[in-house]
Amino acid sequence: MANTLQPLVSGRRNALDWWLRERVWPSPFHILLSFATLALVVPICVKIANWAIFDAVFVSTGPESCRDAVGACWAVIAEKHRVILFGLYPFDEQWRPTLAVAIYLITVIVTLTPRFWSLRLLVPLWTIAVFVIGALMYGGIGPLRIVPTTEWGGLALTMIMFSGTVILGFPIAVLLALGRRSHLALLRSVSVVLIETLRGVPLITILFVAVNVFPLFLPAGTNVDKLLRVTIGIAIFFACYQAETIRGGLQAVPEGQYEAAKALGLRYWQMTGRIILPQALRIAFPAIMNHVIAAMKNTSFVMIIGLFDILTATTAVMQDPVWRKYYVEAYTFAGFVYFAFGFALSIYARLMERRMNKGYVS
Amino acid sequence: MRFAFGFAGAIAALLCTAILPAEAGQGDTLKAIRERGEVLCGAHPGRYGFAAPDDKGRWSGFEVDLCRALGAAIFGSGEKVRFVALSSQQRFPAIQAGEVDVLARNTTATLTRDTALGLNFSPPVFYTGLGFMVRKDAGVKTVEDLNGATICMAPGSTTEQAVARLFTQHGLKYTPIVIENNKELASAYVAGRCDALAKDRDALPGVRMYDAPQPEEHVILEGTFSKEPLALAVRHGDDQWYDIVKWVMYGLMEAEENKVSQANVDEMTKSKDPYVQDLLGVTGDYGPKLGLDKKWLYWVVKSVGNYGDIYERHFGDKTKLPLPRGHNKLWTEGGLLYGLPVK
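The listed protein sequences correspond, in order, to chains L and R. In this text, residue positions in the first sequence follow the working numbering: the first is 1, and each later residue adds one. In this text, residue positions in the second sequence follow the working numbering: the first is 1, and each later residue adds one.
No lab work stands behind these hints: they were computed from the structure. Just so you know, even glycine gets a beta-carbon here, dropped at the ideal spot from N, CA and C. Keep in mind that a hint or two might mislead.
For each label pair, taking beta carbons as the anchor points, the in silico distance ranges come out as [said to hold, decoys possible]:
1) L:F91 / R:S77: 10 to 20 Å
2) R:E79 / L:L187: 46 to 56 Å
3) L:D17 / R:D55: 54 to 64 Å
4) R:D266 / L:L105: 49 to 59 Å
5) L:F131 / R:E79: 26 to 36 Å
6) L:Y331 / R:P341: 47 to 57 Å
7) R:S88 / L:A36: 42 to 52 Å
8) R:G316 / L:P90: 22 to 32 Å
9) L:H81 / R:R193: 25 to 35 Å
Just chain L, with the same shape it has in the complex (with noise of 0.2 Å):
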């Protein structure tokens, strides 16, 4: 490619031309790679809008309105979206996750905005919040009936558990990256320990020993919550590898970072909290956000233990031999709703950097 700096000419027809020129047509090659990638993509996306859209069957009017439909059936998911966003939660009291999962939204949405960034403002929102959400979804409070764990299910368990792995998970993260490069021989042998035993096995592996191996050493009777146990058995797996992402943050801070801050006088907790900690966070924020978007997909792993989360409520639900032909479409729609949570996440990543990005070379 020749010269791909844009002109400093102004004018639309002039910026479009140099688009052609530059992006579409620069040689005969690229001409042909154009056409070709264009008659690649073209026929799937038709094929995809046909069957997602023009083919497709909207309305149920029962199990027979499918029956000629040539494209996507989504009258199934019209049928069965109470299950797949609730999954066992008690039909007539569904308002309660409806609104738990609002007001989580709009706490998060705070959360994520950099105005509102301060510990006095946030600290209390998320106890609140806690509080108020674990009230909606539990009950007991006033008129609500209690609702166990056992029934919890659909979007607003997929948030709860996702949520309680982030928040749980990151401090222990940070905690176990300090403690790896910490000069105490036992603190960062335990934390190597810790990190690399839990690395080397599969969630799964975790999650069985969090829900079937775990209750064996309690003594009979006593029973720790379910949920509970697998929130926390995710969170310390989520810990250990978004502590190895911090401590490569963490190593790329210059050792001269370091020093001025003892040079100044700072004790340790006032030079990792004040000069190491945000710069290191700062430069493995992408690897972070990468983890935090995988912990939220990760949470579909509850399936083979039997929490009612999207994925499962949608496999239980079209076992419905009535419907379970259109298990593509019902999945679709689950793989939908994790999608839009994480794209969500990756736009917000990616304002993010380039907002700390400001005013640094890199």
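Given the coordinates of chain L, assemble chain R onto it according to the supplied hints.
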């Protein structure tokens, strides 16, 4: 993934057998259930007809109703049951650790499970086993006609072992095509990739009805070719609780045999038949011998019906999955269900 799965399962199973938890003490389970106010029932996370959430997210199915019967026997209401969905790897640790009081999760009663896994099995509540579906125009009438056939089945299943054993016994040859995913397995058969579909017999009518475009072109072979007696399971150690589970199941069968159904249970309390009076707790005190209310079986039948009512509700002609009762008829009608006398 599969390796990880197996590995984790193996570790869990090993630990379970190595440190078998303290067995349930005599009477502890019923006491705990009474204090808690509900029975904890380990259920299949989704097998239509047996246990699956309905469109309103409410548990529904044959095994679900058996658990509700236990709730009714103790509390007089089938609603006093909480279901805990358990995967197949998870079900035994869950019952051993006391996470659930009873397991009603498509579990075949076997010697190993009864002994090494520390379980006690209720009388079988559902008899099933290997069955075959073939295309009608193939003219297959018996297993012998399947000589040389390609057969679709799920890998690593008891089906696979049962087919191998059956064909060796008869000195027949076959080509297995193993497909993991249930849906794909059905599609492969329907698309003609194999001559016969081998599956638990109770699952075949669903495939015929909903996966085959022309159900009348397929037939299910007469007969069940392996033994899969499904039963409820409880932990070793608490005989009282085991008795309750066992006798509630017998009670369901006895109610059907004596024509006491959900529809007529209130009338039947006025029955002149002394045995029916005993069953419904009008006379006699069989409930208290189990540690239950005198009218325990009345509440069971009132809440969920007798065995036949439950079967009809989930596998009857009006359901989405009609399934002939076959072995699951009463012994008086040529089936295998033989309730012991409530005396």
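- For this structure, which hints from the list above don't hold up? none
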